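Novice: The primary structure of each chain is shown beneath.
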Amino acid sequence: MKKLTLTALAIGAGSTSALAQEARTIDQAVNETFATITGPFVNFIFSPFPGTSFPWIVMWLVVAASLFTVYFGFIQVRGIRHSIQLVKGDYSDPNDAGEVSHFQALTTALSGTVGLGNIAGVAVAVSIGGPGATFWMILAGLLGMASKFTECTLGVKYRNEYADGTVSGGPMYYMSKGFAERGVPGGKILAVVFAIFCILGALGGGNMFQANQAHAQISGILGDFPGWITGIVFALVVFAVIVGGIKSIANVTEKVVPFMGLLYVGTALIILLLNFDKIGWAFGQIFDGAFTGLGVAGGFVGALIQGFKRAAFSNEAGVGSAAIAHSAVRTKEPITEGLVSLLEPFIDTVVICTMTALVITISGLLIIDPATGNFVLDGNSIKTVGDVSGVSLTSAAFATGFSWFPYVLAVAVVLFAFSTMISWSYYGLKAWTYLFGEGKTTELVFKVIFCIFVVIGASASLGPVIDFSDAAIFAMAVVNITALYVLMPIVKKEMKSYMSRLKSGEIKRFKH
Amino acid sequence: MSAKIVIGLDGSGSGERAVAYAKKQAKQIGKCELIAVYVIEWSPYSFQTPEENEERHKRREEEISAATSRIVAPVVDALKKDGFSARGIVKHGHVADLLNAVAVDEGADQIVVARSSEGGFASRVFGTSTANLVMTASVPVTVVG
Numbered sequence: 049m050k051k052l053t054l055t056a057l058a059i060g061a062g063s064t065s066a067l068a069q070e071a072r073t074i075d076q077a078v079n080e081t082f083a084t085i086t087g088p089f090v091n092f093i094f095s096p097f098p099g100t101s102f103p104w105i106v107m108w109l110v111v112a113a114s115l116f117t118v119y120f121g122f123i124q125v126r127g128i129r130h131s132i133q134l135v136k137g138d139y140s141d142p143n144d145a146g147e148v149s150h151f152q153a154l155t156t157a158l159s160g161t162v163g164l165g166n167i168a169g170v171a172v173a174v175s176i177g178g179p180g181a182t183f184w185m186i187l188a189g190l191l192g193m194a195s196k197f198t199e200c201t202l203g204v205k206y207r208n209e210y211a212d213g214t215v216s217g218g219p220m221y222y223m224s225k226g227f228a229e230r231g232v233p234g235g236k237i238l239a240v241v242f243a244i245f246c247i248l249g250a251l252g253g254g255n256m257f258q259a260n261q262a263h264a265q266i267s268g269i270l271g272d273f274p275g276w277i278t279g280i281v282f283a284l285v286v287f288a289v290i291v292g293g294i295k296s297i298a299n300v301t302e303k304v305v306p307f308m309g310l311l312y313v314g315t316a317l318i319i320l321l322l323n324f325d326k327i328g329w330a331f332g333q334i335f336d337g338a339f340t341g342l343g344v345a346g347g348f349v350g351a352l353i354q355g356f357k358r359a360a361f362s363n364e365a366g367v368g369s370a371a372i373a374h375s376a377v378r379t380k381e382p383i384t385e386g387l388v389s390l391l392e393p394f395i396d397t398v399v400i401c402t403m404t405a406l407v408i409t410i411s412g413l414l415i416i417d418p419a420t421g422n423f424v425l426d427g428n429s430i431k432t433v434g435d436v437s438g439v440s441l442t443s444a445a446f447a448t449g450f451s452w453f454p455y456v457l458a459v460a461v462v463l464f465a466f467s468t469m470i471s472w473s474y475y476g477l478k479a480w481t482y483l484f485g486e487g488k489t490t491e492l493v494f495k496v497i498f499c500i501f502v503v504i505g506a507s508a509s510l511g512p513v514i515d516f517s518d519a520a521i522f523a524m525a526v527v528n529i530t531a532l533y534v535l536m537p538i539v540k541k542e543m544k545s546y547m548s549r550l551k552s553g554e555i556k557r558f559k560h
Numbered sequence: 763m764s765a766k767i768v769i770g771l772d773g774s775g776s777g778e779r780a781v782a783y784a785k786k787q788a789k790q791i792g793k794c795e796l797i798a799v800y801v802i803e804w805s806p807y808s809f810q811t812p813e814e815n816e817e818r819h820k821r822r823e824e825e826i827s828a829a830t831s832r833i834v835a836p837v838v839d840a841l842k843k844d845g846f847s848a849r850g851i852v853k854h855g856h857v858a859d860l861l862n863a864v865a866v867d868e869g870a871d872q873i874v875v876a877r878s879s880e881g882g883f884a885s886r887v888f889g890t891s892t893a894n895l896v897m898t899a900s901v902p903v904t905v906v907g
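Line by line, the protein sequences give chains A and B.
The numbering of the first sequence is the numbering used here, which starts it at 49 and goes up by one.
The numbering of the second sequence is the numbering used here, which starts it at 763 and goes up by one.
So here's chain B without its partners, still in its complex pose (with noise of 0.2 Å):
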């Protein structure tokens, strides 16, 4: 059975870290999947218009493969590039659940993710994703500076 790592991108250049740090544990591992996941942020219990509930179906599926598109896909196919076992996932959710969620339904012995690039008020009151995952989180977590 191989491992797999969980990497959690944020589309910004902290999630690459997170990526490279992944890759050389991939490596010393041996045999080990990569599966690079990102969360697109959404609450079901925020307020919305008529119109926004109308066209909200369409919405998802086009932020689904914009995130696929633009973010996930270059990462995995640069992963599959260098020889490593790599897969992408794309969810709607809160950041710090979902990684943890998949880790678990997919049996991952860590997650890697970047120091969060979050800032301001939000943050300092109710922690970074980041933060939230390292103390909620059922698996290991490393957390790349």
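Here chain A stands alone, though its shape is the one from the complex (with noise of 0.2 Å):
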């Protein structure tokens, strides 16, 4: 037996060049299969509005949170105080200790949203959009904290609750139980298009993405070899998570994920504070950059398309998944999650992505003409020292700092992109149970469709797939959005309800 799986190994080792051939022609050939029925689709999404640069989802988004920041009386600031009292425990009930803690969803959806988006995605604004789309990405992080609140709160408000005690939340859940109770129509078959939606975008930008970019990052440090191999260990580590229910996988990045963001902060606060003479120059050009965009292609509106698309990447306000995630906690309150919620997207963009931009801006990677005082320009990007971009732009700036950073950088990516992975999983397969209801055989295909997409998110230059699992997310938004119009007065009815009590006392603090 021993001998036959030795001389099966030998073999497979053989024939791997050979496998990596085909596999080749078979991406190229997925790539085109693909890329001609999806394109429309990819197309529509990202067009931008007519002889302007800027895509319409874009604006979708921010006149979304604008509009929710307004009619919610600017409850990212009001309510800001009163949410880490909520996340400290400060209102919690002693009696329902051992229950889901404020402090447990919110960082259970953190570790959903902060990856990526905030090591790779704002490198790439940063070179694009100049270090002005910073401004444009704090802006837009400052607003999505409204959309995080409106959507929270409903996906409390309307969750399923079972006999056995587990519960089933999102947007999907408020779509057909709000719009019934409002008595607007459509809401079941809103419910159904943002649960097909969601799948798709757990499988590509939650899961392909993911892989692909761990691949690219392991790759990076280990030499060149074929993403097939990334990709089944990865599949195989998922696998023994959400299949097997091996938790103690999962209680391990769940735990190290948040100590590496700590470090990833901790690291650029000291980099910051070892440049401190820089800070004021390096905020002088996100505002300059800002308004005149200091040369970067498109000038201002350049900066201000990548700010929002990267902070509307990175802090998924108003795309619904954080709706599944925060629905799990029992409140009876179902504002306090929502208020829970809004610091989100405060920590994700205004915090992380902001350190990431100031350290990409004070190492000087970007390169500046003396003469203008304009960054000089490589097609459409800002010419960097050593060329290089995205994660790699993000790794060299913080190795301007601390040499042996790169490496740590690489352990979190590859964490982040699992911990993303798990979390997706989970949005994904809520969103599959919608659809074909719960039970352990649906469940179970739903899991394993979703290992094989992780081999094939690694093993591939997806481009057009990606592009897809990208424009689903965003698809995502759309349908959430609109449930979201439709159901805000049941969110501000809830909020003044909260806030009076809160304010005549009736909503008590617990002595701990």
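To be clear, the hints were calculated from the coordinates, so they are not data collected in a lab.
Mixed in with the good hints, there may be bad ones.
What the hints assert, rightly or not - When the alpha-carbon atoms are kept at most 27 Å apart in a straight line, the in silico BS3-like pairs for lysine-lysine are as follows:
hint	chain 1	residue 1	chain 2	residue 2
1	A	LYS544	A	LYS559
2	B	LYS820	A	LYS136
3	A	LYS380	B	LYS820
4	B	LYS793	B	LYS843
5	A	LYS225	B	LYS820
6	A	LYS236	A	LYS488
7	A	LYS295	B	LYS820
8	B	LYS820	A	LYS495
9	A	LYS136	A	LYS380
10	A	LYS225	A	LYS544
11	B	LYS842	B	LYS793
12	A	LYS236	A	LYS541
13	B	LYS766	A	LYS559
14	A	LYS540	A	LYS225
15	B	LYS843	B	LYS766
16	B	LYS820	A	LYS303
17	A	LYS380	A	LYS541
18	B	LYS766	B	LYS786
19	B	LYS793	B	LYS766
20	B	LYS789	B	LYS843
21	A	LYS556	A	LYS540
22	B	LYS786	B	LYS842
23	A	LYS225	A	LYS541
24	B	LYS820	A	LYS488
To be verified - If the Cβ cut is set under 8 Å, some of the chain A residues that face chain B in the computed set are:
hint	residue
25	GLY137
26	ALA145
27	GLY146
28	PHE151
29	GLN152
30	ALA153
31	THR155
32	ASP212
33	THR214
34	VAL215
35	GLU302
36	PRO306
37	ALA373
38	ARG378
39	ILE470
A quick note: this is a predicted structure, and the numbers were derived from the prediction, not measured.
Even glycine gets a Cβ: it sits at the ideal position worked out from N, Cα and C.
Make one complex out of these two single chains by using the hints.
Specialist: What follows is the structure, given as structure tokens:
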């Protein structure tokens, strides 16, 4: 038996390159077919307003976030102090100890959003839109807090609680139940459309994109090797967690990821402190760039588009995914979960993304023409020292402070990718069970499909597939925000009632 | 008004020693209620996966019923059988904090716990639950060896 296995391994090793060749042609075929089928949809989602280069989908998210901000009376400013008190547990009834805490719901949702968007996405924004993009990114992050508040409140309010004590929530549930409650038709249809996009987004942006980038990062350090190897390893680990129920792996990740996040922010802070004389200059670049572009392609509009786009990619406000993650909290007041969730875009975008952008700006890797003070362009993006972009730019920028940081970053990227996959496997599963019903077999089918897509994502350069998966995530936002417009009066009613009871002292702080 | 003694249980043999000592005390006092408390270690600041969050309520109920039926109920039943006035409480949280909180809420006269059965690195760094209780308790604590 052992001999047979060894022979099989030898044959396997010998035919690896042949397999890789074959895989490449298969990739090409898949890419071409996929591009033809999905091209119109992708083009539609990312199409710009006529005569501009501004994608309408970005405008859709920003307009919604601004409207929610005004409609809820700048809840992200008024409510943030109370949000922090809620996370600290000041208002948690000690008799509810042992249930999911606000802190746990927040960190679970954060581990789904903090990831490649904060590291690679910001580098893309800054190298194309210049430091000015950071200003628009922060603004979009601040506005996005109101979108999260709206969707997460609804997520908790309309979740399903089952007899066995488990819960299922998310946009699908508030669309069907909330619309019915308001007497608005079409809720069920929206829910089904959302669920379909959510499954596609989970398999794409939440899975293939992550696997693909993780492989790129690993092969950047270990040297080039076939992606299916990374894919199979990742798929096996994901399989062990989501199918095998091996909690220990997930637990380790869930514990290491926040640590990595803190290490990342901490390192960025130290680099900034070491260069504190340049911080004023960096903020100057951010403000100047925000309104003039400092010579980037597309000028100030270019900076604005990049900033808004990357913020939306990174914090997922308005997409609806966080509403699924937050709905597990057992609270009597759905508004409390909305308040807690508004910290997410703040931590993800306003803090972490800004750190990345500042470090890149301060590192001096973006080449400036000393004569004009403008950036030197290389095609569409700013010329960088060593011609680096994406994750490599962030990595190089951090390396100017600490030469060992790229290794830590590589580990962080892999872990972030993994935790994002675990989160999205759950979001996808909730959408799947909404469509096909709860049950062990139906769940297993989705989980196996999810693992197969890990291998596909890591093994090929699936440009069109990744474009499509991004488009699917944004398509979720089209459906979700439509529902939020219909249901926002319900959130307002809840908010007014809660805030007045908080003011009157009916809602009490607990001594701990 | 009867006296009250809170007994900290940890599901091991040392918990039984605490019960035995509390019984002796109660006999001497005369009119005394014994409250057996078991705390399931839990922190609101741990990190969880979405799936764990979804099942948390169910798991909590299971944990409470398991702790009640396996640890607390047998002790309370045995105490009642011996003629003591007794009841049990199961809670989630930090052992030292909660034993003290229950004692304060119930107006107990003392807390009886056994010497800690914890060991290893963590207890050396952070101290044992018993040591923490002794340092922070608002009512007298008896540690049974």
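Novice: Indicate, hint by hint, whether the structure satisfies it.
Specialist: Going down the list of hints, with the structure as the test:
Annotation: proposed proximity of LYS544 (chain A) to LYS559 (chain A) holds, straight-line Cα distance about 25 Å (limit 27 Å). Between LYS820 (chain B) and LYS136 (chain A) the CA atoms are separated by roughly 24 Å; this keeps the pair inside 27 Å, and the hint holds. Taking the CA atoms of LYS380 (chain A) and LYS820 (chain B), the gap is near 17 Å; set against the 27 Å cutoff, the hint holds. Restraint check for LYS793 (chain B) and LYS843 (chain B): the C-alpha separation of about 16 Å stays at or below 27 Å, so the hint holds.
Distance hint between LYS225 (chain A) and LYS820 (chain B) is fulfilled; the C-alpha atoms sit about 24 Å from each other, no more than 27 Å. At roughly 24 Å between alpha-carbon atoms, LYS236 (chain A) and LYS488 (chain A) fall within 27 Å of each other, so this suggested pair holds. Proposed proximity of LYS295 (chain A) and LYS820 (chain B) is supported: the alpha carbons are some 16 Å apart, at most 27 Å. Of the pairs offered as hints, the one joining LYS820 (chain B) and LYS495 (chain A) holds, with about 22 Å between alpha carbons and a cut-off of 27 Å not exceeded.
Proximity of LYS136 (chain A) to LYS380 (chain A) is assessed by CA-CA distance (about 17 Å); at most 27 Å being required, the pair is judged to hold. With a CA separation close to 21 Å, the supplied pair LYS225 (chain A) and LYS544 (chain A) stays within the 27 Å bound. Only pairs whose Cα atoms come within 27 Å are accepted, and LYS842 (chain B) paired with LYS793 (chain B) is accepted, the gap being roughly 14 Å. For the proposed pair LYS236 (chain A) and LYS541 (chain A), the alpha carbon gap of about 23 Å is at most 27 Å, so the pair holds.
Proximity of LYS766 (chain B) to LYS559 (chain A) is assessed by CA-CA distance (about 23 Å); at most 27 Å being required, the pair is judged to hold. For the given pair, LYS540 (chain A) sits about 17 Å from LYS225 (chain A) by alpha-carbon distance, which is consistent with the 27 Å threshold. For the hint linking LYS843 (chain B) to LYS766 (chain B), the alpha-carbon distance of about 18 Å falls within 27 Å, and the restraint holds. A threshold of 27 Å between alpha carbons decides the hint, and for LYS820 (chain B) with LYS303 (chain A) the separation of about 23 Å falls inside it, so the pair holds.
Taking the CA atoms of LYS380 (chain A) and LYS541 (chain A), the gap is about 15 Å. The hint holds against a cut of 27 Å. About 13 Å separates the Cα atoms of LYS766 (chain B) and LYS786 (chain B), which keeps this hinted pair within 27 Å; it holds. Between LYS793 (chain B) and LYS766 (chain B), the direct Cα distance comes to roughly 9 Å. Compliance with the 27 Å bound is thereby established for this hinted pair. For the given pair, LYS789 (chain B) sits about 14 Å from LYS843 (chain B) by alpha-carbon distance, which is consistent with the 27 Å threshold.
Between LYS556 (chain A) and LYS540 (chain A) the CA atoms are separated by roughly 21 Å; this keeps the pair inside 27 Å, and the hint holds. Simply put, LYS786 (chain B) and LYS842 (chain B) have alpha-carbon atoms about 14 Å apart, close enough for the 27 Å limit, and the pair holds. Annotation: proposed proximity of LYS225 (chain A) to LYS541 (chain A) holds, straight-line Cα distance about 17 Å (limit 27 Å). For the hint pairing LYS820 (chain B) with LYS488 (chain A), the CA-to-CA distance comes to about 17 Å; that is within 27 Å, so the pair holds.
For GLY137 (chain A), the shortest C-beta to C-beta distance to chain B is roughly 5 Å, which falls under 8 Å, so the interface hint holds. The interface hint given for ALA145 (chain A) is met, as the beta carbon of that residue sits about 4 Å from the closest beta carbon of chain B, less than 8 Å. Using the Cβ-Cβ criterion of 8 Å, the hint placing GLY146 (chain A) at the interface with chain B is satisfied: the shortest such distance is roughly 3 Å. A least Cβ separation of about 5 Å between PHE151 (chain A) and chain B falls short of the 8 Å threshold, and the interface hint therefore holds.
A hinted interface residue such as GLN152 (chain A) counts as satisfied when its beta carbon comes closer than 8 Å to some beta carbon of chain B; here the least separation is about 5 Å, so the hint holds. Hint status for ALA153 (chain A) relative to chain B: holds, with the closest Cβ pair at about 6 Å, below 8 Å. Satisfaction of the interface hint for THR155 (chain A) is found here, the shortest Cβ-Cβ separation to chain B being roughly 5 Å, below the 8 Å cut-off. With a least beta-carbon distance of about 6 Å to chain B, the hint placing ASP212 (chain A) at the interface is held under the 8 Å criterion.
Taken as an interface hint, THR214 (chain A) checks out: its beta carbon lies about 6 Å from the nearest beta carbon of chain B, inside 8 Å. With a cut of 8 Å, the hint placing VAL215 (chain A) at the interface with chain B holds, because the nearest CB-to-CB distance is about 6 Å. With a cut of 8 Å, the hint placing GLU302 (chain A) at the interface with chain B holds, because the nearest CB-to-CB distance is about 4 Å. Of the supplied interface hints, the one on PRO306 (chain A) holds, with its beta-carbon coming within about 6 Å of a beta-carbon of chain B, less than 8 Å.
Using the Cβ-Cβ criterion of 8 Å, the hint placing ALA373 (chain A) at the interface with chain B is satisfied: the shortest such distance is roughly 5 Å. Given hint, ARG378 (chain A) at the interface with chain B, holds; its Cβ is 6 Å from that chain's nearest Cβ, closer than 8 Å. For ILE470 (chain A), the interface hint holds, since its Cβ comes within 8 Å of a Cβ in chain B; the closest pair sits about 6 Å apart.
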